[in-house]
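Peer 1: Protein chains in written order, with my numbering: chain U, 1 to 462; chain Z, 1 to 462.
Careful: at least some of the hints might be erroneous.
Cβ-to-Cβ under 10 angstroms is the rule here; a few derived chain Z residues that face chain U [what the hints assert, rightly or not]:
#1 SER9
#2 ALA208
#3 GLN228
#4 ALA267
Just a sample of chain U residues kept apart from chain Z, beta carbon distances all over 12 angstroms, derived [unchecked claim]:
#5 GLU80
#6 ALA116
#7 ARG197
#8 LYS276
#9 ILE290
#10 GLY296
#11 GLU353
#12 THR365
#13 GLU385
#14 ARG386
#15 PRO399
#16 ASP440
#17 ALA450
#18 ASN461
Hints listed in this document are in silico derivations from the structure and should not be mistaken for laboratory results. Just so it is clear, the structure is predicted and the values come from calculations on it, not from any experiment. For each residue, glycine too, the CB sits at the ideal point set by N, CA and C.
Number of protein chains: 2
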Amino acid sequence: MFSKDIYVSRRQQLQGTVKSGILLFPGNGNVGMNCRDNWFHFRQDSTFLYYTGINQPDLYFLIDIDNDKEILFGNDLTPEDMVWVGAADPLQVFADKAGIQEVRPLKELASYLKTASGKGQKVHYLPPYRAQTTVEISEMLDIPTQEVANQKSVDFIKAVVAQRSYKSDIELSEITKAVDITADMHIHAIKNVKVGRTEKEIAAELEAIASSKGSSISFPIILTKDGQYLHNHATSAVLNEGDLVLVDCGAETLMNYAGDMTRTMPAGERFTDLQKEVYNIVLDAHESSIAALKPGVLFKDVHELAASRLVEGLKGMGLMKGNTEDAVQAGAHTLFFQCGLGHMMGMDVHDMENLGEEYVGYTETLKKNPAFGFRSLRLGRALEERFVITVEPGLYFNPFLIDKWKAEGKYTDFVNYDAVEKFKTFGGIRVEEDLLITKDGSQILGKPVAKTVADVEELKNS
Amino acid sequence: MFSKDIYVSRRQQLQGTVKSGILLFPGNGNVGMNCRDNWFHFRQDSTFLYYTGINQPDLYFLIDIDNDKEILFGNDLTPEDMVWVGAADPLQVFADKAGIQEVRPLKELASYLKTASGKGQKVHYLPPYRAQTTVEISEMLDIPTQEVANQKSVDFIKAVVAQRSYKSDIELSEITKAVDITADMHIHAIKNVKVGRTEKEIAAELEAIASSKGSSISFPIILTKDGQYLHNHATSAVLNEGDLVLVDCGAETLMNYAGDMTRTMPAGERFTDLQKEVYNIVLDAHESSIAALKPGVLFKDVHELAASRLVEGLKGMGLMKGNTEDAVQAGAHTLFFQCGLGHMMGMDVHDMENLGEEYVGYTETLKKNPAFGFRSLRLGRALEERFVITVEPGLYFNPFLIDKWKAEGKYTDFVNYDAVEKFKTFGGIRVEEDLLITKDGSQILGKPVAKTVADVEELKNS
Numbered sequence: 001m002f003s004k005d006i007y008v009s010r011r012q013q014l015q016g017t018v019k020s021g022i023l024l025f026p027g028n029g030n031v032g033m034n035c036r037d038n039w040f041h042f043r044q045d046s047t048f049l050y051y052t053g054i055n056q057p058d059l060y061f062l063i064d065i066d067n068d069k070e071i072l073f074g075n076d077l078t079p080e081d082m083v084w085v086g087a088a089d090p091l092q093v094f095a096d097k098a099g100i101q102e103v104r105p106l107k108e109l110a111s112y113l114k115t116a117s118g119k120g121q122k123v124h125y126l127p128p129y130r131a132q133t134t135v136e137i138s139e140m141l142d143i144p145t146q147e148v149a150n151q152k153s154v155d156f157i158k159a160v161v162a163q164r165s166y167k168s169d170i171e172l173s174e175i176t177k178a179v180d181i182t183a184d185m186h187i188h189a190i191k192n193v194k195v196g197r198t199e200k201e202i203a204a205e206l207e208a209i210a211s212s213k214g215s216s217i218s219f220p221i222i223l224t225k226d227g228q229y230l231h232n233h234a235t236s237a238v239l240n241e242g243d244l245v246l247v248d249c250g251a252e253t254l255m256n257y258a259g260d261m262t263r264t265m266p267a268g269e270r271f272t273d274l275q276k277e278v279y280n281i282v283l284d285a286h287e288s289s290i291a292a293l294k295p296g297v298l299f300k301d302v303h304e305l306a307a308s309r310l311v312e313g314l315k316g317m318g319l320m321k322g323n324t325e326d327a328v329q330a331g332a333h334t335l336f337f338q339c340g341l342g343h344m345m346g347m348d349v350h351d352m353e354n355l356g357e358e359y360v361g362y363t364e365t366l367k368k369n370p371a372f373g374f375r376s377l378r379l380g381r382a383l384e385e386r387f388v389i390t391v392e393p394g395l396y397f398n399p400f401l402i403d404k405w406k407a408e409g410k411y412t413d414f415v416n417y418d419a420v421e422k423f424k425t426f427g428g429i430r431v432e433e434d435l436l437i438t439k440d441g442s443q444i445l446g447k448p449v450a451k452t453v454a455d456v457e458e459l460k461n462s
Numbered sequence: 001m002f003s004k005d006i007y008v009s010r011r012q013q014l015q016g017t018v019k020s021g022i023l024l025f026p027g028n029g030n031v032g033m034n035c036r037d038n039w040f041h042f043r044q045d046s047t048f049l050y051y052t053g054i055n056q057p058d059l060y061f062l063i064d065i066d067n068d069k070e071i072l073f074g075n076d077l078t079p080e081d082m083v084w085v086g087a088a089d090p091l092q093v094f095a096d097k098a099g100i101q102e103v104r105p106l107k108e109l110a111s112y113l114k115t116a117s118g119k120g121q122k123v124h125y126l127p128p129y130r131a132q133t134t135v136e137i138s139e140m141l142d143i144p145t146q147e148v149a150n151q152k153s154v155d156f157i158k159a160v161v162a163q164r165s166y167k168s169d170i171e172l173s174e175i176t177k178a179v180d181i182t183a184d185m186h187i188h189a190i191k192n193v194k195v196g197r198t199e200k201e202i203a204a205e206l207e208a209i210a211s212s213k214g215s216s217i218s219f220p221i222i223l224t225k226d227g228q229y230l231h232n233h234a235t236s237a238v239l240n241e242g243d244l245v246l247v248d249c250g251a252e253t254l255m256n257y258a259g260d261m262t263r264t265m266p267a268g269e270r271f272t273d274l275q276k277e278v279y280n281i282v283l284d285a286h287e288s289s290i291a292a293l294k295p296g297v298l299f300k301d302v303h304e305l306a307a308s309r310l311v312e313g314l315k316g317m318g319l320m321k322g323n324t325e326d327a328v329q330a331g332a333h334t335l336f337f338q339c340g341l342g343h344m345m346g347m348d349v350h351d352m353e354n355l356g357e358e359y360v361g362y363t364e365t366l367k368k369n370p371a372f373g374f375r376s377l378r379l380g381r382a383l384e385e386r387f388v389i390t391v392e393p394g395l396y397f398n399p400f401l402i403d404k405w406k407a408e409g410k411y412t413d414f415v416n417y418d419a420v421e422k423f424k425t426f427g428g429i430r431v432e433e434d435l436l437i438t439k440d441g442s443q444i445l446g447k448p449v450a451k452t453v454a455d456v457e458e459l460k461n462s
């Protein structure tokens, strides 16, 4: 946990913004894999952590703004529980560290909320992403499960986004730790991706680095020779000479801050000439995007800049044609770049994703473009100092999409489908870094990892 | 998947037992860690797998016994989905492999069930352990969330237990694969548990073995120098000379069969004399229990035999006193052995735990003893050929429990609290194997792993 003052001041700021009602923070519980008590690893809710720092399951926290009360609801371990899980501090110790005055048994929460609702107090909650939370809110607030998401508090969401979007120095230090571990994972990957090994074997080694140096992975590891599928996970597939391997992975620190980087490397010792050519197009888009980052710039525009650089490169290879800006505005690049350029990162790898992209990545006046490709851009709004974001352009030669759009005659003004045909087995390339938006520009976080063709090959064969 | 015939015949047997109504099999979905779409690894429901073999998320299967229909409900991937996750077979391909005739879109399930209920058909379902399943059943069958568990079908539970309890040859071959990977994890642990390393580092390496050779771990890894706490997980604690390290872990195969073994080893090169003495008491209880296994024997009696052997050993060390049988019947051994001797194992590490211990481990006439210690024995019933079980006696010197019971004057006829005092920092020892009940006795599954003091020390220093 950070120092008590940090949590107290975060909560004061939050109360000052929402002004009235009860702010309800459901902590996460454990989730059963195949039985109720055979759990996935515990992951606390990020907003709960942000305002309390308490990394324990089965808690609720509330701020009763109208009555100036803060209460942690939960149950202390019994001596019988300690037979199974060992010693644990009473909840009051955790509450004290967070500057929370009062602890009550969990069973008192429902009646507290009922009484408050009865007096006309509004109970604000964020949109739940765990079904267990939906069930609990439904039962406590007497809202049908189908209605729980709809009755979320937009005021609460906006107030949280207004705080969590700006990373403090102490948060930046945690994020940098996460990115450093993530860099170690990538250095291991570049050195250990080899012909004859399976994707799963290497992915398991990367996960071990994350778990031993931090708390866990920040998202399921993507380690695949089929990088053309954006979220393809590691399989039992064996790596062969000529395969391009896309590795997108990240670690979480013990305080649950995330890293998220991508490198693409040959399974063999060297990239082929064709792989190098495509790699350098992606790297150019990556570098150009980073050079454009600074406060005030719309990330949507940086995304379009990256798309333009990719189109330029593909035109140079004869895969695209026509006016670059027209191609991007029409969306022709989305045949090869189907996703967004990046996203916010913090306690969540897609930071605050659960609060809704319309509040995190867009504004009242800047709405997301619903067209294919553009609609996967999670972040469009103007960048501000202390935002932490990813930049991750890529080129993905998806054979289904190529066949479908070719058959539909889509974007024939911009795409040379005959030339594209031989790329249907090429795979995909992505290069991703984590960046802090600074006063004048941006700064790449964490220790450097080989990124140019020459550096990747050198590290691989070192 | 196994061959189609296996799934078809399992379902025929099930229908023959339950006889009427609709049998509803909710498949598992993905669960968000900190956002809806940032998932834990996917784990299909074991009963769903047992009757269909289909290891894909977001499906429901039903058998309409009254109308002799089997239907898989789910949605095929769209080309847009494939941009993210790659190619996937249509659901009809999976259905064909499972011998299921019909596939329908997921959205038709609710109305199918509504129509059936309207005609008076009973919809049987098993007790859900995922909140998402509770929500779905609640919404589709119009049952309050609080009532969903209560309205489970006991007939369905009993019919499933009557099948899954007996492992076929092909299942035994999968379980043996799981135990072999589990053995590899333990061999790695014995060799790599060393002074100066952290628990988490080594646990992460074991998880990597499970993930690269199978699908994943079968339960959260216990790797701890505080083995006196039964389910204590790996922490950042550094191992020191003199520490005893308890490692309880298992792998799941790609077909989701589990292994589950425990070894206890010194952090340094050798056990101390005192550690050896206690270890050999546990090993004696372990060997004596295994020797007693055969069809017809109550596992509850084997548990009590193990307890007696432990008490005998502790008497030899001066920690206990009095008549052994009286001590066990009184429960005095539960100061040192607070849990059960073992459990069923199969597609779940605690096989069918979600169906309820009263149906899996006990019978109409043999009910679980609710006393401390005994109530943690998941399996009491008479053993039968083709059961797969674990045998895992242990001695756990829990300082809280010792202090509490000493203060309460509990079991003073049987416990020499003064002698026990110096064991409050001893830790815990457990030795566990996975066994098949055979016609005449039992057989340890999987490849052998060092188990005696001499063999563990030899492997450790090899």
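Peer 1: For each hint, tell me whether it holds in the structure or not.
Peer 2: The hints, checked one at a time:
1. Below 10 angstroms, beta-carbon pairs count as interface contacts, and Z:SER9 has none with chain U, the closest being about 23 angstroms; its hint is therefore violated.
2. With a least beta-carbon distance of about 4 angstroms to chain U, the hint placing Z:ALA208 at the interface is held under the 10 angstroms criterion.
3. Annotation: interface hint on Z:GLN228 holds; nearest CB of chain U at approximately 8 angstroms, less than 10 angstroms.
4. Below 10 angstroms, beta-carbon pairs count as interface contacts, and Z:ALA267 has none with chain U, the closest being about 17 angstroms; its hint is therefore violated.
5. Against chain Z, the non-interface label of U:GLU80 is violated: not every CB pair exceeds 12 angstroms, the least being about 7 angstroms.
6. Once the 12 angstroms rule is applied to beta carbons, U:ALA116 is consistent with being away from chain Z; the minimum gap is 21 angstroms.
7. Its closest Cβ contact with chain Z, about 9 angstroms, brings U:ARG197 to no more than 12 angstroms, contrary to its assignment away from the interface.
8. Against chain Z, the non-interface label of U:LYS276 holds: every CB pair exceeds 12 angstroms, the least being about 25 angstroms.
9. Residue placement check: U:ILE290 keeps its beta carbon more than 12 angstroms from all beta carbons of chain Z (closest about 25 angstroms).
10. Look at U:GLY296: its CB is around 28 angstroms from the nearest CB on chain Z, clear of 12 angstroms, so calling it non-interface holds up.
11. Separation of U:GLU353 from chain Z is inadequate, the least Cβ-Cβ distance of about 4 angstroms not exceeding the 12 angstroms criterion.
12. With a closest Cβ-Cβ approach of about 25 angstroms to chain Z, U:THR365 is found to remain outside the 12 angstroms limit, as its non-interface label requires.
13. For U:GLU385, the non-interface assignment is confirmed: its Cβ lies about 25 angstroms from the closest Cβ of chain Z, beyond the 12 angstroms cut-off.
14. Every C-beta of chain Z lies more than 12 angstroms from that of U:ARG386, the closest at about 21 angstroms, which supports listing it as non-interface.
15. Chain Z draws U:PRO399 into its interface by the beta-carbon criterion, the shortest separation being 8 angstroms against a cut-off of 12 angstroms.
16. For U:ASP440, the requirement that its beta carbon stay farther than 12 angstroms from each beta carbon of chain Z is met, with the minimum near 32 angstroms.
17. Every C-beta of chain Z lies more than 12 angstroms from that of U:ALA450, the closest at about 23 angstroms, which supports listing it as non-interface.
18. Distance check on U:ASN461: its Cβ is at least 24 angstroms (rounded) from any Cβ of chain Z, clearing the 12 angstroms threshold; non-interface status holds.
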